[in-house]
Structure formats: C-alpha cells, structure tokens
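Q: Sequence:
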Amino acid sequence: MHDFHYLAGNLYCEGVPIELLVKKFGTPLYVYSQRTLTGHFQKLDAALAPLDHLICYSVKANSNLAVLRALANLGSGFDIVSEGELRRVVAAGGSPKKCAFAGVGKTDAEIEFALRRGIYSFNVESEPELERINYLAGRLKKVAPVAVRVNPNVAAGTHAKITTGTYENKFGIAFELVEDVYARAGRLKNLRLRGLQMHIGSQLTEVKPFESAVRKVVPLAEKLAAKYPFEFFSIGGGLGIVYQPALASGGADWWRTPKAKDILTPAKYAATLMPLLKPLNLRILIEPGRFIAGNAGILVTRVEYVKRTGRKNFVIVDAAMNDLIRPAFYDSYHEIAPLTRRNGPVASSDIVGPICESGDYFAKNRPLPKVGEGDYLALMSAGAY
0 MHDFHYLAGN
10 LYCEGVPIEL
20 LVKKFGTPLY
30 VYSQRTLTGH
40 FQKLDAALAP
50 LDHLICYSVK
60 ANSNLAVLRA
70 LANLGSGFDI
80 VSEGELRRVV
90 AAGGSPKKCA
100 FAGVGKTDAE
110 IEFALRRGIY
120 SFNVESEPEL
130 ERINYLAGRL
140 KKVAPVAVRV
150 NPNVAAGTHA
160 KITTGTYENK
170 FGIAFELVED
180 VYARAGRLKN
190 LRLRGLQMHI
200 GSQLTEVKPF
210 ESAVRKVVPL
220 AEKLAAKYPF
230 EFFSIGGGLG
240 IVYQPALASG
250 GADWWRTPKA
260 KDILTPAKYA
270 ATLMPLLKPL
280 NLRILIEPGR
290 FIAGNAGILV
300 TRVEYVKRTG
310 RKNFVIVDAA
320 MNDLIRPAFY
330 DSYHEIAPLT
340 RRNGPVASSD
350 IVGPICESGD
360 YFAKNRPLPK
370 VGEGDYLALM
380 SAGAY
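Letter 53 of the sequence shown, counting from 1, is numbered 52 in numbering that gives the first Met the number 0, and no numbers are missing.
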C-alpha cells in the first residue's frame, strides 16, 4: 500500500496535491511519502518480530538524506556499498554500528574509513578482500568485523541483471568453498568472524527462491556458528513490489481482490522463513531497499511537446533516463498517471525524454489519455533505483 491517490480528479500524496508541489519546486520532481516509507519498514519489522533481527535498509535503493533520516529515526540499520553511502548515513543520523558494508570492489580508502567509523560488519566477497581488510586493520591497529558472502547458486527467478546468487554472477564465494575460506580467515589475526551473509537477487515476487536459498545455507551457518563466534546470519534483501497496477495497489480495497492473493507480502515471507531461521539462535539481518522505498516515491515530469508523425505519437517530457534509468536499462514497467485525471479516448504513445539517445524513454506504445504541452505526468513506483 502507499499514500498516492486521486481525489476529485487530482493526484495527491498524503493529502497534499502534487500540482501544488510542482508549482513550488518545478520539474522533474521526486515526491516521497514518509508515511508510506515508514509503513513499509514497520510492516516488515513487525513480521520479523519473533526473531532477533535488524533491518539494514539498502542505501543503494535510494540515498536521499530525508529518506535515510526517516529510517534512522525508526532504528534502521543500513546496507552500504561505498564510503559515500556511509557518509550519507552518518549525515542523516544513522549509526555506523548498524551498517553492513557490501560490494565486490571496496577500496583501501573505503575500508579504512569504515574501520575508523566502527561499522558493524564487512560483507566480504572474495579471499583477496579478506586479506586486504586484515592488512589494513592491522595497519590501523584494529580488528575488523567480517562476514563472508556465500553464493548459494540458487536462481532467483528475477531479471538477469539483478540476479546475484548463481555462479554466473560476480558476487560472493561459492557455497562449497566457504568452510575452507573461513578456516583460512580464522588464522588472520586482525579479523573477527562475526557472521555469514547471502543475497540472491532483487525484485523477487515469490517466496520459493528465498526458501530454497535459506534451506541450503542454514546448515552451513549452523556448522560455522559452532566453530566461530558468530552473531548473525544475513539473508540479504530482494523482496519485490507491485509495479502494475501501482496506483490501484495503494488502496486497501485492491489487496482484497483476487489479483492480490499471490503477492508476496512481509507476512508470507516471514511465515515461510522464520521456522527455518529461528533454531539458529543468531541475529537475522535483512537488507531490503525496493520494498521500503519503491512505492513510496514518484517522479513528476512536464510534457514539453507532443509529436505526431503519422506512425507514432511521441510525448516528450522534461525528465530523462538519467532521472529514472530503469526503463532504459531493464525495459522495466512504470505506471504513468496524469496529475489531473481525464476521461475520454486514449492514444498509444511513446513517453520519451530530451536526451539525444533513442534509449531515453519511459514507455513505448503505452495507452495514455490525451495530453498536451504543460501537462504533468507522474511515473509511479519511482522511489527506488
């Protein structure tokens, strides 16, 4: 659910007409609903309440300082992938002690900065990275908390470019090698083996891939926890959202329709995974980003021109793929809604930006009500990535 809806034919966010914000700030304009953002966090937090857990919001999903501040105020942890993201978390009032540092390409400077700030853990992607962290921690006379990222070789059933848990991907250490890697890591005196981490992909809409990965990795986590002073097991993120129909799914009524019965909710997710995780007696970390922020934001854009060629209708707007890259990069779907709802005929249109590339588009052959210069459109589900 979310807090974007039509009232008397005009699009609102939390009781505020979007057009009022456009007049004040101009376009392109991102509008975020704090109530939606916090509601999504709290639903996930409540679903996982029977477990000792920490939600580490994935900063890469949306690093807007206001978004980070709202989540920090709720006690969120943070999944970061750069020094810049850590700096933003701290600037927003988040605690480094609740930050897990992921990513395959951590630099010396980033590792040293994170060590000095006292992060919760490095999620380590390779043995050379383990050795580098050990060396840099020794140079700073510190002990680095680490968790190896295991690649479970489980297909996520999502877009190929956001699948991260198979051996074709660059992430993590192969499942069958992890025990040996921990044995070698245990001999590195400047490392503290704090846990185990995995993440199989993004925008997962079924629970089965999560269940398969957790079933495979839990025995490994149990075995390692018996040997090393583990505190946590991170199951990563990936919980998907509704992109179509984004607008209708904001209301409670839609969630009572047959279309909603197969949607993966926090309650279904937790009900499947908690029985597998609870016997570990470890803190469970989860790293959601899209689920929290995706439907909490929209991108508002102004129609500059409508170009009719006889073959195509092009609606040319002032936002571009640099503002929202998902359609150009993944051919992903974003619902597009006029700020002022109109009845009447629709026309198949390409909604395109001003950049000098044919890949600069938000939708192709999309049925759209008649619009003209100076009208405004909202691209839904634009709060993440």
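Possibly wrong hints are sitting among the right ones.
[As the list claims (entries may be wrong)] Taking lysine-lysine and the PhoX-like style, the derived pairs with C-alpha atoms no more than 20 Å apart in a straight line are:
no., residue 1, residue 2
1, Lys188, Lys215
2, Lys97, Lys169
3, Lys96, Lys141
4, Lys363, Lys306
5, Lys267, Lys277
6, Lys226, Lys277
7, Lys306, Lys215
8, Lys207, Lys260
9, Lys311, Lys363
10, Lys226, Lys215
11, Lys188, Lys42
12, Lys97, Lys59
13, Lys96, Lys140
14, Lys188, Lys141
15, Lys369, Lys311
16, Lys59, Lys140
17, Lys267, Lys207
18, Lys42, Lys260
19, Lys59, Lys96
20, Lys306, Lys369
21, Lys277, Lys222
22, Lys140, Lys188
23, Lys207, Lys277
To be clear, the hints were calculated from the coordinates, so they are not data collected in a lab.
Q: For every hint, state whether the structure bears it out.
A: These are the hints, each one checked on the structure:
| no. | hint | in the structure |
| --- | --- | --- |
| 1 | Lys188 / Lys215 | violated, 30 Å |
| 2 | Lys97 / Lys169 | violated, 25 Å |
| 3 | Lys96 / Lys141 | holds, 15 Å |
| 4 | Lys363 / Lys306 | holds, 14 Å |
| 5 | Lys267 / Lys277 | holds, 16 Å |
| 6 | Lys226 / Lys277 | holds, 19 Å |
| 7 | Lys306 / Lys215 | violated, 54 Å |
| 8 | Lys207 / Lys260 | holds, 16 Å |
| 9 | Lys311 / Lys363 | holds, 10 Å |
| 10 | Lys226 / Lys215 | holds, 19 Å |
| 11 | Lys188 / Lys42 | violated, 41 Å |
| 12 | Lys97 / Lys59 | holds, 16 Å |
| 13 | Lys96 / Lys140 | holds, 18 Å |
| 14 | Lys188 / Lys141 | holds, 10 Å |
| 15 | Lys369 / Lys311 | holds, 14 Å |
| 16 | Lys59 / Lys140 | violated, 30 Å |
| 17 | Lys267 / Lys207 | holds, 11 Å |
| 18 | Lys42 / Lys260 | holds, 17 Å |
| 19 | Lys59 / Lys96 | holds, 18 Å |
| 20 | Lys306 / Lys369 | holds, 12 Å |
| 21 | Lys277 / Lys222 | holds, 15 Å |
| 22 | Lys140 / Lys188 | holds, 11 Å |
| 23 | Lys207 / Lys277 | holds, 18 Å |
When held up to the earlier numbered hints, the structure conflicts with 1, 2, 7, 11, 16 and fits the remainder.
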